[in-house]
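**Student:** Please work from the sequences and hints to get the whole structure.
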Amino acid sequence: MSAPRRAARKTARVPKRRRPPLRVVHPPRASGPRRLPFMIACFFLVGSLVVAVVSVQALIAQSSFRMQKLTQRNAELSQASGQLQLQIAQLSAPGRIAEEARRLGYALPGPGQLQTLTVGGRP
Amino acid sequence: MTAAKVRATTSRRRLVALFVVLTLGLSAILVRLLQLQVRDARTYRTLAWAQRVRTIDLPASRGSILDRNGQELALSLPARAVYAQPQLVSDPGGEARKLAAALGLAAADVRTVFKKPDPFVYLARGVDPATAAALERLDLPGIGFLPETKRYYPGGALAPQLLGFVGVDGTGLAGLEQQYQTVLAGRPGHEIVEADPRGVLIPQGENVDVPPVPGENLMLTIDRQIQFRAQASLAAAVKANRAKGGTIVVLDPSTGEILAMADFPWFDPNSFGTANWGAIRNRAVTDAYEPGSVNKIVTAAAALQEGFLKLNQRLKVPDYLQLYSKVFRDTHVHPLQQMTLADILAYSSNVGTIKVAQRLGPDLLYEYLQRFGLTRTTGLGFPGESAGILPSPGQWSGTSMGTIPLGQGIAVTPLQMASVYATIANGGVWVAPRLLQGTVGPDGTFRPAPGSATRRVISSENAKALTRMLAYAVEVGTGQQAQIPGYWVAGKTGTARKVKADGTGYEVGKYIASFIGFAPAGHPAVVVAAVLDEPATVYGGIAAAPLFRDVAQFALDRLRVPPARKLPLPAHAIRTNG
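Chains as they are written, first to last, in the working numbering: chain A, 1 to 123; chain B, 1 to 578.
Keep in mind the hints are simulated off the structure, nothing from the lab.
Glycine residues also receive a C-beta, built at the ideal position from the N, C-alpha and C atoms.
One or more of the hints may lead you astray.
Over the 12 Å line for every Cβ pair with chain B, so calculated as not near, a few chain A residues [stated by the list, open to error]:
no. : residue
1   : 20
2   : 23
3   : 36
4   : 43
5   : 46
6   : 106
Lysine to aspartate or glutamate pairs mimicking EDC-like chemistry, simulated, CA-CA at most 20 Å apart [stated by the list, open to error]:
no. : chain 1 : residue 1 : chain 2 : residue 2
7   : A       : 69        : B       : 136
8   : A       : 69        : B       : 287
9   : B       : 244       : B       : 534
10  : B       : 244       : B       : 287
11  : A       : 69        : B       : 194
12  : A       : 69        : B       : 57
13  : A       : 69        : B       : 196
**Tutor:** Okay, structure coming up:
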């Protein structure tokens, strides 16, 4: 006898069992509490990264604006400094001083009115 | 066919159709992607770059020009150029009104500019940054701004021919501004930034910063107080003598440093566009004139140095002398006189000088004119510097031995002639005149200019002897009006006929009067050359000597040179008129 036939007879001899009554199967309880901390951790991790990236970008943008303002301020101050330098040069120009002195009644010393004396070998 | 089979077939067809559509769609996207990303990538990259990235030119700050004490004679400040792109102007009338009011222009002129077909037209240059910023805030379509610098000369018309001026594009066009253009100009930089359409910089965007390299400051040998006084005295002398113009040069004989240099009339370099061309030239350096009797010192120096004449040797000098077809006369009629070299110089005897020159001969005379630097430029390097005009002895005529010793038939610049007297004052050593003390870098480091070239022309003994002769000329001779109380002054007067502009002869009744000298004669601190063009009084001793005195006295006071005891006059001199 071939092996398949023997197997078929054996099966035929097994008495039919009664189907067990249906009941509600609860999911394993352990799986719920284990996932939540992981998700929370992920949420915080991703959230912190997003906040960090946004903050860094905001800081960079802020620095950029600040740098722009400072550059502008620097240019304005340089301009003001240059204008003051020009004003000093114009005010100290011999022509202006001479004109102002003349207006106030001053005159250059005449011949012999100003003498350079040598004191201790130095004028 | 069962209904199930029909549904399966339809579904398969739909799937195939969807696959084909998707494949075609994706293929189209792929093709377009290849077009954009591969084929046209460079074009789009360039377009995107141009849209976001801006290159801002950063003009270099032009170096200042300072006097010997660090006072500014010329300086630059940032400014803006305002330009128009006429085809982009949306409201020509309104914009013209606003621009004209802000820039001080006529509205009609601005409207005319807007009608031009050019794509770019300057409306104003060197605009004050505050004015430009106010205009920029108006955001006028078609109006743009460019950074640039504007040159200021705070002293106004102080040494204008010397300093020169700068064009609107920041290039030196005359004088020292032109000569030292490369030193003063610096190197412009640029900034490449990435910005949004409102002009706000994009953080972490493209940012390349090539800072401009500022130009170096020039520190001159000029003293602006002496310069001002020299100009004031020159203007007064021109007015008093009803002269056409004049020139003054003040230099330190031991270093060759030029302390002042001016020509009247002058101009204000802040508005050089309105100046006369004649007033722009630094004639002390660029224009050669016949020096007249101040040139007699060269003949005297050569005769002494070559031993053709002793200090106490007397010559018989008549009041006239004929050389070939020409008769040379002294300025005053006098009988045959015994004169030493000192007398000849003191009384500026033409005949006596010719007799001395005849002993020398043309070749030696020419050699000494050369050695005193009258046949070449002084080496100042000033734009347009003249070398003077002196024909070589081979080209001299029979009368040249009469004219050239007297300073006729020879042309020199006032600076060349001042250098001759500086050589005597400096113990016989010629020192190349100089205007530049050094440069000051952007970091404040001072780099001195190379020292002046020097060469010995005559011995110090002969220089001292000549100094005494020149002092004698001031004491009892033609230069008495150059005397300065308390100081021993040495100098020589000069009166020369004025050559016609076309060089075909002399102007009738027109002269150039001069006085060149130094003080104190014992330890010379300043050499002053005073030259007046067409004065009413033609004699240098009357017209130019007072100008010398005013300027030399101020310079001595300014340089704190104490009065010096007068040395005895040359023992060999004969007071022919005294």
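**Student:** For each hint, tell me whether it holds in the structure or not.
**Tutor:** We went through each hint and held it up to the structure:
1. 20: 36 Å, holds
2. 23: Its Cβ never comes within 12 Å of chain B, the nearest being 37 Å, so this holds.
3. 36: Label holds. Min Cβ-Cβ 38 Å, cutoff 12 Å.
4. 43: 28 Å, holds
5. 46: 23 Å, holds
6. 106: 14 Å, holds
7. A:69 to B:136: Roughly 17 Å between the alpha carbons, so the hint for residue 69 of chain A and residue 136 of chain B holds.
8. A:69 to B:287: 54 Å, violated
9. B:244 to B:534: 6 Å, holds
10. B:244 to B:287: 15 Å, holds
11. A:69 to B:194: Cα-Cα ~16 Å, so holds.
12. A:69 to B:57: Holds - the C-alpha atoms of residue 57 of chain B and residue 69 of chain A are around 19 Å apart, at most 20 Å.
13. A:69 to B:196: 16 Å, holds
The structure fails to meet hint 8 from the earlier list, while all remaining hints are met.
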